[in-house]
Amino acid sequence: MRSLVTAVIAAIEAAATAAVGYAVVVVPALLLWTITFGLGAEPATVFAGAAGTWALAHFTPLTFTLTPEVALSFGLAPEQLSFVLSLAPLGITLITAGLATRAGWRLGARGGVGAAGLLGGLLGFGGVALVLAGIASPFVTRPDAGVAVVAALVYTAPAALAFLIRAARDEHPWWGAAVRQVQRWVDRASIPGAAALPLRAAEALRFAGAAVAGVVLLAAVAVTVALLGGYGEIVALTQHLQLDPLGSLLLFLTQLALLPVALLWAIAWLTGAGFAVGAGSSVTPFETLLGPVPALPLFGAIPQGWGSLGGLAPALVVLVGLALAVLLGRNADLRRSSWPVALTIPVLAAAAAGVALAGLTALSTGAIGPDRLAQTGPSPWLVGGLAAAELGGGLLLGTVALRIDASRLRGALPDAMPEAVRRLRGTGSSARDGAGTDRAGVFAADPFAETELDRGNDPDATREVDPLATERIDPLDAAATVDLTAAQVPRSLREPEPGLSADPESELVADPESGPAADPGSGRDSEPADDPEWPPEPAAELPADPAATPHGDAAGDPDDDAATDPATDPVAAAEDEGITESEALRAYSWEDTGELGQDAEPGGESRRGWRWPRSGR
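Under our numbering, the first residue of the sequence shown carries the number 116, and numbering increases by one thereafter.
Calculated from the structure, these hints are not laboratory results. For every residue, glycine included, the Cβ atom is placed at its ideal position computed from N, Cα and C. Treat each hint with caution, since some may be false.
Label-pair distances were calculated between CB atoms; the ranges are [said to hold, decoys possible]:
#1 I280 - V120: 20 to 26 Å
#2 A489 - I280: 33 to 39 Å
#3 P313 - T149: 24 to 30 Å
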């Protein structure tokens with residue numbers, strides 16, 4: 116019951132799709148009949164012409180018969196003339212294909228029940244096509260059943276393709292069973308790699324689909340450039356027709372329906388195969404040979420040949436394949452595969468893409484008029500073959516480029532180079548270095564250059580050696596060397612000066628964690644100057660008279676400084692070593708945050724941080 120409901124709903128949707136396609140054609144025809152011709156033609160002829168156009172879009176040829184008068188008005192011989200029009204307006208076909216793809220994608224989400232929807236869509240679209248074929252009978256020579264079957268296949272083919280892709284993506288049970296059955300067949304045929312067949316096939320189809328999409332995108336860019344380049348010719352042809360506003364609108368819609376045909380012709384042009392607009396004509400990247408063509412403004416965009424530069428067009432297709440291989444070939448499973456598998460997948464993908472492009476370009480061939488205009492469009496198999504070769508070359512180049520380990524190649528080059536090349540490389544390096552030193556002052560040596568020691572000669576064996584010349588200072592060590600004051604040198608690296616006491620309380624301590632300042636018994640304060648009990652005392656400005664400060668100290672009280680004893684006061688000992696209190700403060704200070712001390716001179720500069728406690732506190 117569920118399958119039946121699905122089939123009925125799908126049939127109704129397919130019938131609506133056919134009706135939409137017919138409405139796109141019949142509405143402009145009715146406007147033309149009403150406004151331009153003033154209802155002067157028979158209604159049956161108008162509806163038959165619209166139905167015939169719809170059938171032409173679904174690949175049913177139309178047959179026209181011209182009276183001698185009408186033939187003469189077209190510039191032909193004044194005699195009755197019959198010809199076939201078979202070039203499909205693919206813009207209308209895209210409406211059917213797009214709606215069918217949407218329906219098939221939804222049916223694929225239903226699992227196996229969706230197959231009944233495909234059958235229902237086939238019957239629903241075929242029924243409407245059968246009715247329209249009867250209406251278009253004055254212009255159609257094919258039987259009505261044949262018209263209905265072909266139109267139904269045009270709807271069902273994209274719907275079935277979308278259905279299969281959705282089932283494979285969602286991994287439906289029936290799809291998994293079908294894949295396992297194919298694997299068993301492959302295993303029975305003793306073909307290796309049956310277990311990896313689904314993964315390899317998916318990769319090949321992914322590359323093929325991306326290649327087709329890339330070529331179509333490139334062709335769209337080419338058509339855009341051609342329309343812009345031939346805009347002047349297009350406008351001139353349009354003005355030559357002298358159409359009213361409604362006629363211009365209908366001409367625009369007609370060319371819009373033929374725009375996908377131009378896109379497929381551009382694909383043929385890019386591959387180098389080219390296309391024809393009438394028997395004996397040829398439009399390729401290398402040359403353009405055209406005879407009389409219909410006065411359709413769209414033909415004004417046909418490009419001229421590029422001559423010797425025509426090879427650039429196929430090169431663009433090769434670049435498309437190369438770019439796709441680089442973008443899609445980063446899959447970890449693909450990169451871990453062996454070389455034969457990695458090279459087989461691009462070849463199969465290129466072949467599948469070539470077949471797909473051949474089928475697409477076959478849709479853009481047909482007749483557009485009598486005589487020589489009965490042959491129009493590209494050669495499908497030539498286009499498919501060239502596209503497969505060009506895309507395959509690009510895909511192979513990209514695959515090889517991704518799999519080559521450049522680091523291993525660079526590492527193997529020195530071992531594989533001949534001895535003469537290595538000597539030449541060493542000579543070139545010495546010439547570039549000027550047989551001197553580099554910017555760090557160290558002699559640059561080529562690891563491949565042959566030295567005097569290799570030849571058995573020691574040029575320095577008899578040379579007098581300067582002891583100081585043998586010591587080389589590393590440039591980084593030399594750059595990092597700075598002048599260290601005694602306050603910055605660790606205590607363990609300093610030796611007591613002669614005449615100074617070795618008592619720890621009489622030395623200048625640099626390490627606040629291990630020195631006397633950190634010892635509670637030393638009588639020195641180990642807390643910061645911001646302690647409320649010991650307010651910070653700013654350093655006084657240096658007086659202009661050096662005699663005012665006997666020891667050059669600018670931070671203490673003048674009375675206390677005058678009474679300091681170098682033998683007992685640590686600050687005096689530090690002064691004897693050439694270190695001032697300001698230097699010690701710079702070594703152990705941070706941002707100034709304290710207040711002015713009581714003993715600071717007016718206008719003195721306030722400093723914060725660690726302070727050596729003054730004598731007597």
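List of violated hint numbers, smallest to largest: 3
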